[in-house]
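Asker: One letter stands for each residue in the lines below.
There are 4 protein chains.
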Amino acid sequence: MESHQNHIIKIGVVGLGYWGPNLLRNFSQLEGCEVAYGCDIKKDVFRKLAVQYPSTKFTVSYEDILQDDTVQAVAIATPLSTHYELAKTALERGKHVLLEKPMASSVVQCQELIDLAESKGLILMIDHTFVYTGAVKKIKELMQELGDIYYFDSERINFGLIQHDASVLWDLAAHDFSILRFLFGDVRPKAVFAQGTRHLSSHGEEMAHVTLEMESGIVAHVHASWLSPLKIRKILIGGSRKMILYDDLEPSEKVKVYDKGISLNLQNITPFNPLYRVGDIVIPKLDTTEALSVETQHFIDCIRSGAEPQTPGREGLEVVRMLEACDQSMKEGKKVLLSS
Amino acid sequence: MESHQNHIIKIGVVGLGYWGPNLLRNFSQLEGCEVAYGCDIKKDVFRKLAVQYPSTKFTVSYEDILQDDTVQAVAIATPLSTHYELAKTALERGKHVLLEKPMASSVVQCQELIDLAESKGLILMIDHTFVYTGAVKKIKELMQELGDIYYFDSERINFGLIQHDASVLWDLAAHDFSILRFLFGDVRPKAVFAQGTRHLSSHGEEMAHVTLEMESGIVAHVHASWLSPLKIRKILIGGSRKMILYDDLEPSEKVKVYDKGISLNLQNITPFNPLYRVGDIVIPKLDTTEALSVETQHFIDCIRSGAEPQTPGREGLEVVRMLEACDQSMKEGKKVLLSS
Amino acid sequence: MESHQNHIIKIGVVGLGYWGPNLLRNFSQLEGCEVAYGCDIKKDVFRKLAVQYPSTKFTVSYEDILQDDTVQAVAIATPLSTHYELAKTALERGKHVLLEKPMASSVVQCQELIDLAESKGLILMIDHTFVYTGAVKKIKELMQELGDIYYFDSERINFGLIQHDASVLWDLAAHDFSILRFLFGDVRPKAVFAQGTRHLSSHGEEMAHVTLEMESGIVAHVHASWLSPLKIRKILIGGSRKMILYDDLEPSEKVKVYDKGISLNLQNITPFNPLYRVGDIVIPKLDTTEALSVETQHFIDCIRSGAEPQTPGREGLEVVRMLEACDQSMKEGKKVLLSS
Amino acid sequence: MESHQNHIIKIGVVGLGYWGPNLLRNFSQLEGCEVAYGCDIKKDVFRKLAVQYPSTKFTVSYEDILQDDTVQAVAIATPLSTHYELAKTALERGKHVLLEKPMASSVVQCQELIDLAESKGLILMIDHTFVYTGAVKKIKELMQELGDIYYFDSERINFGLIQHDASVLWDLAAHDFSILRFLFGDVRPKAVFAQGTRHLSSHGEEMAHVTLEMESGIVAHVHASWLSPLKIRKILIGGSRKMILYDDLEPSEKVKVYDKGISLNLQNITPFNPLYRVGDIVIPKLDTTEALSVETQHFIDCIRSGAEPQTPGREGLEVVRMLEACDQSMKEGKKVLLSS
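Read top to bottom, the protein sequences are chains A, B, C and D. Using this note's numbering, read the first sequence as starting at 341 and increasing by one per residue. Using this note's numbering, read the second sequence as starting at 341 and increasing by one per residue. Using this note's numbering, read the third sequence as starting at 341 and increasing by one per residue. Using this note's numbering, read the fourth sequence as starting at 341 and increasing by one per residue.
Rather than coming from a laboratory, the hints here were simulated on the basis of the structure. Don't take each hint at face value.
Said to hold, decoys possible - Below are the DSS-like pairs computed for lysine-lysine, each with C-alpha atoms no more than 30 Å apart in a straight line: (1) C:K574 to C:K671; (2) D:K397 to A:K574; (3) A:K397 to D:K625; (4) B:K530 to A:K671; (5) C:K625 to C:K428; (6) A:K674 to A:K625.
What the hints assert, rightly or not - The following label-pair restraints were derived from C-beta to C-beta distances: (7) A:E590 to D:K674: 18 to 28 Å; (8) A:Q484 to B:S592: 10 to 20 Å; (9) B:R581 to D:S680: 45 to 55 Å; (10) D:K674 to C:I348: 14 to 24 Å; (11) C:E590 to A:R581: 42 to 52 Å; (12) C:V527 to B:E371: 47 to 57 Å.
Glycine included, each C-beta is placed from N, C-alpha and C at the ideal position.
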């Protein structure tokens, strides 16, 4: 990797639909990085982007990027069903890969990509964006103050973009699963139960509830929906000493820390003498740097240093494992046990 | 019943902890009704109440009420574990009964009470208070405008009163189950899955998630918790034509009706052309009469007329059936099927 | 006063409309205090109260109270126009007086009452309730952390009870003026400007804006209205180091302290580098005791000890002085200067 | 104007600080329009913009634009103190002008620009953006349903960008004055009172309250501040039949219409029978097109057709007249009367 350190890293951004332009913008703004190619199968998105990024070459041919030896990396933000093929080909051709979440359509595909990247000595990083936000990083810092953790409860609902090749869980709950893993560490749920329904599309659920039984009695729950008139982006984390509310829609007060310890003297609890004492609430100042700016820089840094990214392929695989378990649970109508 | 119409109906209120004083207050304010007795095993609550209700006799002896032939009815607001015994005895002694929710500790007990009331020709009404609120009655009116129903989603969480003989579901979800039945009619869920945890008490869950699979693809979900620093009382009901948000904590805007129809032309949905059109939102004016005032009046009216109450024993039984199914699901760790 | 210490203090509550029953309830609950009389010119309120307070004598005759030598004090919650006469008579007959805000209809009347109480050695306390709330007491504690004070800005609006003998300022802004004096100390504004309008009644403004120029460049502003569909009870206090938001409608997060210091290096301020740094926000735990409970106890304590109350007649007078200045400003259409 | 209809209109955007880039972006996206020049005295903003707008020429020389005969119009978004000179020169050189609010530093300057534009037959349009929003246009439609208007009350506060050549009123209240004129028509206030303070800067107030006495008893009030930790953008308009809340920070529910008629039968108003009846609340669907997109298109359309813009120079002048009256009121410490 040594030799790259003084060079500009050239990159190709593949998939220019909803998320790709954000990758394009962020990589373009980084020092020591150049977006050499933008690629999509729909030509009509090029016109506007070409005006904004005159030094980027726009193409419908992925092969154009792959065969250009000066391009070291690709960032893939295409529909889920194409992740595996596109990433595999890029790795085979020696390119580092930043891959949109969810990583791929199955654990098997994820494992293959991980093995391939490792054998080639290439960076394979998954775009779990929330892990790079000031809010989630602050919550991570606060976790040890919470005491015994009781629950993790996420609600991620709104009128959403129904996708053609992914259900609401693969789209939205993937965020929660990556946040959960970042906060609680590399721990697999013991059991997964999911319940979802589809009303409008033929291919995947538009709304679902997932219950994850974690070690030591923690229950994580995720409610994801594309069919809610109310937009909610809210995670509650409860502990014996403190509790956290993370409301991502709050413009400047996203994280609230409740110092509401719970007294254990149950004998004394009566309707006129309830169980809780309420302490102060603190709304900490957060780093407001755009997460994708931090994340794209981190990808470039990892390419230069050879270090493992904070969200490596292994993280992507574990999230996909949870999503697969959800699908299995919905199909079988029962809880699915995961071995650790 | 004829003979009662011109008489004052005398009533005894049993259980003067958290809810009983509200029954006492409301029955005392009704025309044609007199609270002859207040009863609790804890004598120390009498002093204050005796000052406020000088014409009510306060006693620790339930028998005092039962043997008084001028008392026609009892309203029972004691802990759950005593409901069955107290109601049974009252019915056997010829008293009409208003029974706090949940009706009893098991379906078997509920059925026994129903049969007993029927054989004696007595009113057995369950105190499903929400059914008598202006908000829930307005939502009932609006149900047929919603189109195909997609979901019913309730969140009922806060720092709560941990109870000694009931779990959070028997305490809080009982409300949602009674609302659900009122809105959707006499339809039993096909399957119930519940997941709950207990961290502080030895006898029952303090937080739980319940998924109910209803007929025709509707999924109902209830999240109940005594361990949330944030207080939420919110039900979302989604339909193909309209959606409803019921936020019980809003002082004057409890019900919001979203005229957000969902277009079905999925081909045209893209990130830049999403699926929904947004219409007006209406916040209807609600009847703000206290629910318990309406409900206590209704109980008295039913005693006089002999009519079946809106929330008869059968409603209480069906709610308990759902609660039992939740407990079974949590015990067995799997979905429980209910026959219709 | 010595001799009273071991006796029950007997009190009469005069005026049983909106606020009087709260005084009745709170005095009745105090140890060492007995509400001997309730008095109102409208007999029809007695029936309900008589049931709740069987040991209180209800009467339409104020004289009944005055001539009873065992009654030491009266609490007056009648319409404003009667305050002066009722308080004066009570003081002349040797009774201590707790007087609803605003104290009287003019500064002259207030001064007369103060002089009378002093000459008789009687307690004259004004019912400036907010001064006794946990929220306002907490804000008082925090004032010295704010740095240089820049402003005090209050909005107190809703659909209100239009009163027959008081304008919206005498009704609502009286609260703000008493809070302002409690927080900033015994400082008279240098100038007052008020602008108000009346649309529905013939006797007083239903909405008004008041600007008070305080010493050292602080400007206080109060917006009071009975004609707003939105209910707001919000005071913002800005300082160079911290700022406070007091939202009285928040059920459990009434006071928010913003640690948003303002950097003074104006050269560096640009649209892309704005002036502020944002620190943490803290929502302190508050004492949630009912203010009127604290206040009625304080009145009794002052009667026993002879100590001056926290809100003596002098406070009432200064609030009335500000209200008079507002009225004068509205009448003359210009700023009114007050001598200090 | 005929001859222009089939040509591309070339435009120069002058001032590329905070607002200018938005003009650049919107004009660039219009059909039949080309941004030929971008101009600013700070060269360092060019680099980034040049990448995004490769066909625009960036220059520090205003003269470059003026002498280019193919440029028909300039859009000026520079600091207030330069508006008059830049607009005057452009008009003299035959260019149409879109001028950022506030139009100029004095009524005299505004009148000169208006006369100049008229004598040259050129379009002079003022960038009163809010007038072009879906929210304000919807409110305009609703005005006649309100009945008699009682008040217009605006709060526009936050931690703001302290400007070097404008006070908070010239910056923020200018928006309210333009909205007020759009809603109420071409009516000048009879009297203006303003009270403001400066704590940090030497040149202008950072916070102020303005009261405008309109015809027929309507009072308009504007609270503007750069020193509030809380961000508020809220206008309340009260009428005898309906009231409107416009909260510009609400992402999708900006306008709320309260059908809260006020009953006039004052005799019956008591604390237990208050004055208002509450009807439904409606949150109408709004046009969500970006205001600046509508506005830039309108400017181009006016150039082509020769029609008078919705916000012509005369509107800019009347807003500046109100701002001048505020400054005079603050200087003299009294109400300023305006002749109609």
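Asker: For every hint, state whether the structure bears it out.
Answerer: For each hint, the structure was consulted:
1. C:K574 to C:K671: 27 Å, holds
2. D:K397 to A:K574: Violated: K397 of chain D and K574 of chain A sit about 46 Å apart, past 30 Å.
3. A:K397 to D:K625: 41 Å, violated
4. B:K530 to A:K671: 16 Å, holds
5. C:K625 to C:K428: 41 Å, violated
6. A:K674 to A:K625: 42 Å, violated
7. A:E590 to D:K674: 18 to 28 Å: 43 Å, violated
8. A:Q484 to B:S592: 10 to 20 Å: Between Q484 of chain A and S592 of chain B, where Cβ atoms are some 42 Å apart, the hint is violated.
9. B:R581 to D:S680: 45 to 55 Å: 51 Å, holds
10. D:K674 to C:I348: 14 to 24 Å: At roughly 57 Å between Cβ atoms, I348 of chain C and K674 of chain D fall outside 14 to 24 Å, so the hint is violated.
11. C:E590 to A:R581: 42 to 52 Å: 24 Å, violated
12. C:V527 to B:E371: 47 to 57 Å: Given a distance of about 56 Å, which is inside 47 to 57 Å, the answer is holds.
Figure legend: structure checked against the earlier numbered hints; hints not met, in rising order: 2, 3, 5, 6, 7, 8, 10 and 11.
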